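Chains A and B, in that order, are what the protein sequence lines are. Quick note: the first sequence uses the numbering used here, first residue 1, plus one each step. Quick note: the second sequence uses the numbering used here, first residue 1001, plus one each step.
I should point out that these hints are in silico values taken from the structure, not numbers from a laboratory. Some hints could be false.
As the list claims (entries may be wrong) - Computed cross-link-like contacts, DMTMM-like style, restricted to lysine to aspartate or glutamate with a CA-CA straight-line distance of at most 20 Å: (1) B:LYS1172 <-> A:ASP4; (2) B:LYS1172 <-> B:GLU1202; (3) B:LYS1245 <-> A:GLU113; (4) B:LYS1197 <-> A:ASP4; (5) B:LYS1094 <-> A:ASP4.
Just so it is clear, the structure is predicted and the values come from calculations on it, not from any experiment.
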Amino acid sequence: MRRDTRLAYPYVVWMVIFIAVPLLIVAYFAFTNKAGQFTLENLRQIGEYAPVFLRSLLLAARATVICLVLAFPAAWWLSRLRVRHQRIMLMLVMLPMWMNFLLRTYAWMTLLENNGLLNRLFGAMHLFDLVNGINGLLGASLPTNITYFPMINTAGAVVLGMVYNYLPYMILPLYTIMVKIEPSEIEAAQDLGANTRQILTRVLIPLSMPGISTGITMVFVPSVSTFIISRMLGGGGNMLVGDLIELQFLGNSYNYNLGSAMSLVLMVIVLLCMGVTNTSGGEDGIEGVV
Amino acid sequence: MGKPRGSALMRAYLVVLFSFFYLPIVVLMVYSFNESKSRSNFTGFTFKWYESLFHNDMILSALWLSLALALISAVIATVVGTMAAIGISGMGRKSRTVINNVSYIPVVNPEIITGVSLMLLFVAWSGAAAWWNQHAAAFLAFFPEDVIGFPSLLIAHISFCLPYVIFNVAPKLRQMDVRLYEAALDLGCNHRQAFFKVVLPELAPAIFSAFLISLTYSIDDFIISYFTCGTLQTLPIAIYSMTRKKVSPEINALSTIMFLVILAIILLSNLADSRRNRYKAGKKVEV
Chain A
1 MRRDTRLAYP YVVWMVIFIA VPLLIVAYFA FTNKAGQFTL ENLRQIGEYA
51 PVFLRSLLLA ARATVICLVL AFPAAWWLSR LRVRHQRIML MLVMLPMWMN
101 FLLRTYAWMT LLENNGLLNR LFGAMHLFDL VNGINGLLGA SLPTNITYFP
151 MINTAGAVVL GMVYNYLPYM ILPLYTIMVK IEPSEIEAAQ DLGANTRQIL
201 TRVLIPLSMP GISTGITMVF VPSVSTFIIS RMLGGGGNML VGDLIELQFL
251 GNSYNYNLGS AMSLVLMVIV LLCMGVTNTS GGEDGIEGVV
Chain B
1001 MGKPRGSALM RAYLVVLFSF FYLPIVVLMV YSFNESKSRS NFTGFTFKWY
1051 ESLFHNDMIL SALWLSLALA LISAVIATVV GTMAAIGISG MGRKSRTVIN
1101 NVSYIPVVNP EIITGVSLML LFVAWSGAAA WWNQHAAAFL AFFPEDVIGF
1151 PSLLIAHISF CLPYVIFNVA PKLRQMDVRL YEAALDLGCN HRQAFFKVVL
1201 PELAPAIFSA FLISLTYSID DFIISYFTCG TLQTLPIAIY SMTRKKVSPE
1251 INALSTIMFL VILAIILLSN LADSRRNRYK AGKKVEV
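Looking at chain A on its own, in the form it has when it is part of the complex (with noise of 0.2 Å):
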């Protein structure tokens, strides 16, 4: 079959234009101060913010091993299911991604608030009754008058945001692989004597392996990188790389030259990430995602 080869061009311009430029233009900027001359102040700068970057990547890192947690056991599950059942589970499990992940953070927002449903929830509970009375028991420097637990505008709500948007993303690529482990191939190990942890540590997790680094790159990467889910669940005091730099470029601190460093720095970061999970960039990397 011929196939011209000039059909692709194009796109090969189109993607040198808006992709490959715009990204010189963020090293061209990270590595310059604000008068064009080159620079490594920038990059020295990242110094101070070195707390947020850490935060980032210890949320990011907690939410991704609660997904991973969380999604293992589901996606075996479901590749044990019956077909027919399968399809309709991995439509229920995709159907919330398809809602946008604003509608789907702003619903944990009135969820976690202090006077929100889950606190009237416990309170109907008389969950706090009970603590303040284990308080009172306990010790005097102890609160005896909760009547909320603040639950919003902290770490714990940025991770269980993180992790109610991208857990689907741990799921998917899982079941992916799991779905092809054939039932004979557990049946082996137990026939050979392997016991439950042996099968899941010998057998089950190294065949499900590159369903488990594509997973934690699709977690990961979003989760570091995120700015909205920081700013909705976590408040002021819980600020991301990526509220860090949305602020240098549509914030009050405008600058584009320290943001471009952080930008290249994050982007470092995800490269080592996928380096380390080794997430290839072949052909089936995303596979059972799109």
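We have chain A; now place chain B onto it with these hints.
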């Protein structure tokens, strides 16, 4: 793990997991019918938030912008991407690898960086165009300076949709039987006819699904649009500004409508799928 099918633990776990997925959405939807603005007290049933939603000019104009943007960018991305997929498949191994790797950049890069980098490009363009228009001869000073707005949004959306089109069409192209094309040539088609009568129909399902993916990505995108929209508001950006300002149950009403629309689309397309499959299966049996 011994007898996974129907184990009680597994069922309980999946029920908890799906409650986690759906309870927040259900709560959101229930409170769209709430008489008062409270997000925790249900004081009475009303449709008034739906009514005020349909009189909210900000939301409506954002909705039209999003739909127009999605349609135009999806069409362009599908055409350019399909052409590219065909062209790339005819290239040598080396250039194919290079292009594929560059195509992966927007897929794996954090969206905020794609957004920021495009924003810098448009700002740089505006500056350069202004400078040029001032200094060049009058008949050459035709470069548009105000690209930030619809043009920048359109370019950004086409850019992040293109790789998905290519990754959808390319595998289908690889699977295609070359002999079909050769047969068309043997039967007297020229290259153009063979392409439009044989190759394109064969690729059509993949191209169509690429179009749908582009459409949904475009409508759903917030982060990249946020950095490239200037003062325009797409639907997600309007939603964002609503969540930043004072609380309004209109957001809940909007969520409910969007969820129901999505649900309807998915159910319909699945229904069509299973119908088609049944039809195909029936045909096979007949043969």
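Checklist entry - Hint numbers the structure violates, sorted upward? => result none
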